[in-house]
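Here the protein sequences come in this chain order: A and B. Going letter by letter, the first sequence gives residues 287 to 525 in the numbering used here. Going letter by letter, the second sequence gives residues 38 to 379 in the numbering used here.
Simulated from the structure, these hints should not be mistaken for laboratory data. Every residue gets a Cβ at the ideal spot worked out from N, C-alpha and C, and that includes glycine. Relax, there's no trap hidden among the hints.
With beta-carbon atoms standing in for the labels, derived distance ranges: (1) A49(B) x R362(A): 40 to 46 Å; (2) Q483(A) x R350(B): 41 to 47 Å; (3) G396(A) x A173(B): 55 to 61 Å; (4) G396(A) x F331(B): 56 to 62 Å; (5) G396(A) x G42(B): 17 to 23 Å.
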Amino acid sequence: MSAPLLATEGLTMRFGGVVAVDGVSVSVEEGELRCLIGPNGAGKSTFFRCLTGQYRPTSGRVLWRGRDVTGQDPFRLARLGIGIKTQVPALFDGLPVVEGVRLAARRLHGERESRRLADAALGRLGIAHLADRPAGLLAHGQRQLAELATVVAPRPDLVILDEPTAGMGTEETARTAGLIRELNRDHAVIVVEHDMQFIRAIARTVTVFHQGRVLMQDSADRVLSDPRVRDVYLGRAAA
Amino acid sequence: MTDAGRAGLHIAVAAALAVAAVLVLPGALELFALINATVWAAMALLALSLAFAWGAGGILCFGQTAFFGLGGYAYAVAGINFGDGALAVLPALTVATLAAAALGWVMFYGRVGDVYMGVITLTVTLILFKFANSTAGEQWRIGAAALGGFNGIPQTPPLNWPGDPANPLTPEQVFVVAVLCLFGCYAAVKLVLLTRFGRVAVAIKENELRAELLGYDVRAHRLGVFTIGGAMAGLAGVVFANCVFVSPSMFSLAYAGQVVIWVLVGGVGTYVGPMAACVALQALASWAGTVPGFDPNLLLGGVLLAAVLAVPRGLLPTAQDLLGRLRPSRRRPAEPKIAPAE
Numbered sequence: 287m288s289a290p291l292l293a294t295e296g297l298t299m300r301f302g303g304v305v306a307v308d309g310v311s312v313s314v315e316e317g318e319l320r321c322l323i324g325p326n327g328a329g330k331s332t333f334f335r336c337l338t339g340q341y342r343p344t345s346g347r348v349l350w351r352g353r354d355v356t357g358q359d360p361f362r363l364a365r366l367g368i369g370i371k372t373q374v375p376a377l378f379d380g381l382p383v384v385e386g387v388r389l390a391a392r393r394l395h396g397e398r399e400s401r402r403l404a405d406a407a408l409g410r411l412g413i414a415h416l417a418d419r420p421a422g423l424l425a426h427g428q429r430q431l432a433e434l435a436t437v438v439a440p441r442p443d444l445v446i447l448d449e450p451t452a453g454m455g456t457e458e459t460a461r462t463a464g465l466i467r468e469l470n471r472d473h474a475v476i477v478v479e480h481d482m483q484f485i486r487a488i489a490r491t492v493t494v495f496h497q498g499r500v501l502m503q504d505s506a507d508r509v510l511s512d513p514r515v516r517d518v519y520l521g522r523a524a525a
Numbered sequence: 038m039t040d041a042g043r044a045g046l047h048i049a050v051a052a053a054l055a056v057a058a059v060l061v062l063p064g065a066l067e068l069f070a071l072i073n074a075t076v077w078a079a080m081a082l083l084a085l086s087l088a089f090a091w092g093a094g095g096i097l098c099f100g101q102t103a104f105f106g107l108g109g110y111a112y113a114v115a116g117i118n119f120g121d122g123a124l125a126v127l128p129a130l131t132v133a134t135l136a137a138a139a140l141g142w143v144m145f146y147g148r149v150g151d152v153y154m155g156v157i158t159l160t161v162t163l164i165l166f167k168f169a170n171s172t173a174g175e176q177w178r179i180g181a182a183a184l185g186g187f188n189g190i191p192q193t194p195p196l197n198w199p200g201d202p203a204n205p206l207t208p209e210q211v212f213v214v215a216v217l218c219l220f221g222c223y224a225a226v227k228l229v230l231l232t233r234f235g236r237v238a239v240a241i242k243e244n245e246l247r248a249e250l251l252g253y254d255v256r257a258h259r260l261g262v263f264t265i266g267g268a269m270a271g272l273a274g275v276v277f278a279n280c281v282f283v284s285p286s287m288f289s290l291a292y293a294g295q296v297v298i299w300v301l302v303g304g305v306g307t308y309v310g311p312m313a314a315c316v317a318l319q320a321l322a323s324w325a326g327t328v329p330g331f332d333p334n335l336l337l338g339g340v341l342l343a344a345v346l347a348v349p350r351g352l353l354p355t356a357q358d359l360l361g362r363l364r365p366s367r368r369r370p371a372e373p374k375i376a377p378a379e
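For reference, chain A alone in the conformation it holds in the complex:
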């Protein structure tokens, strides 16, 4: 059996006395679409930051295709083939959208290929008409799409999305879910999210975080009908 695309082993992150992520072991296969959910404060975002190199975990390991990449700088993780979309879209505000997308592709590809990949990415996300706009002038929804185009342009093996539906309405959330399933045709995808609506629309394997640990991991149907998950989201979590 080959090693999973990305795996964590006993990943733990402490901030002083607070254990934000507590011995989490999760693995994601090539080509998979995985949702990480949990209420606010469950440790999702800390886990995300450990995966992307923004935090160095207190203990435990992060493995990329079986290779230990724990605590590497974000740019090195990105070079392995991980594309990362942040919760608040991070774009080159002063540059035209297409320039940022080309820059993303240019790290791995030559100039002509980068131009082609950038145009393809913009077309795929339906924002080719925004190519020449400065990224700083885009509306919120357009910024999300522009960032997605930037992330997928270099054709990473894995795309990690942090709360892609933050600040979206029901309709936009459904559209984003469709878009992510479309992205999953070419890339493995990990989505960190807390919106149940969105999880239902994606309907794939879901890992539920609660108080820094994995509460359960199962298909979306079972997770959504599980009483413990409901308690965490509605009852005891609010207390």
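Chain A is already provided as a structure; the job is to place chain B on it using the hints.
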């Protein structure tokens, strides 16, 4: 027009101006005015060096004068020891470049925040200022060169043709060298910005996190930009040493602050703007200096206040905006494509 085409046009215009300056000014100006013009060219180069570090790298270096002074001092010390000004240029640039690389390495790899970067660089230049001031006396000499404390090194050797130290350059020739250095660095900046390195540096300034998440080594790029800026400041120091002589004031707060003001008034993110602001403000200051009982610094402060309040983005970007508004059809070709989608 493509980016490369635009850069080529800018470089061509700059080349024409440089040729005009070299052909006309040495004949038209009195000796004193010509030496003054050489000083201004050196300062404009210093302004350009900060404009690059700040505009392309987003690095607010409050102590660009550290590399300016180190370049000047290294030139003087090496020149006196070698007895040959031409041979001293390379050591001078090496010292300034290595100093910038070392300071940059500490700051960027130590993940120092932007505000502290300003504080640290200013502190470094002030430490050098204090140090240079305290080097009076016989015990402070490097080889044949006495550092001279407060007085600096009045016997700073002038440049000469390579291999011919008996024939120092005339002030007219030094002026030509200064203009060539300024033009060369301007062209180099424009070309660097076209390279992959330059584009990534600008992207890092726009959004550091995004650049890092795309796999670009942010620290290495910022270090590169900072080091290039330091090297240019060192070259400015060499030119300056050739028209005045090196002294601790090259490191002083007055100079360090002025460079920042030139770039702010000219416009961060532009290169002609800071150079033009540098020359204009120096002309203004030297005119104000002739008014009896008036402190030119007061005027400089007033200009800075007015610029920050009235044209916060700097003179050149504001002027470009105004021009753009006069000819909207030519400045915004992208507009019609976007309109139907909304």
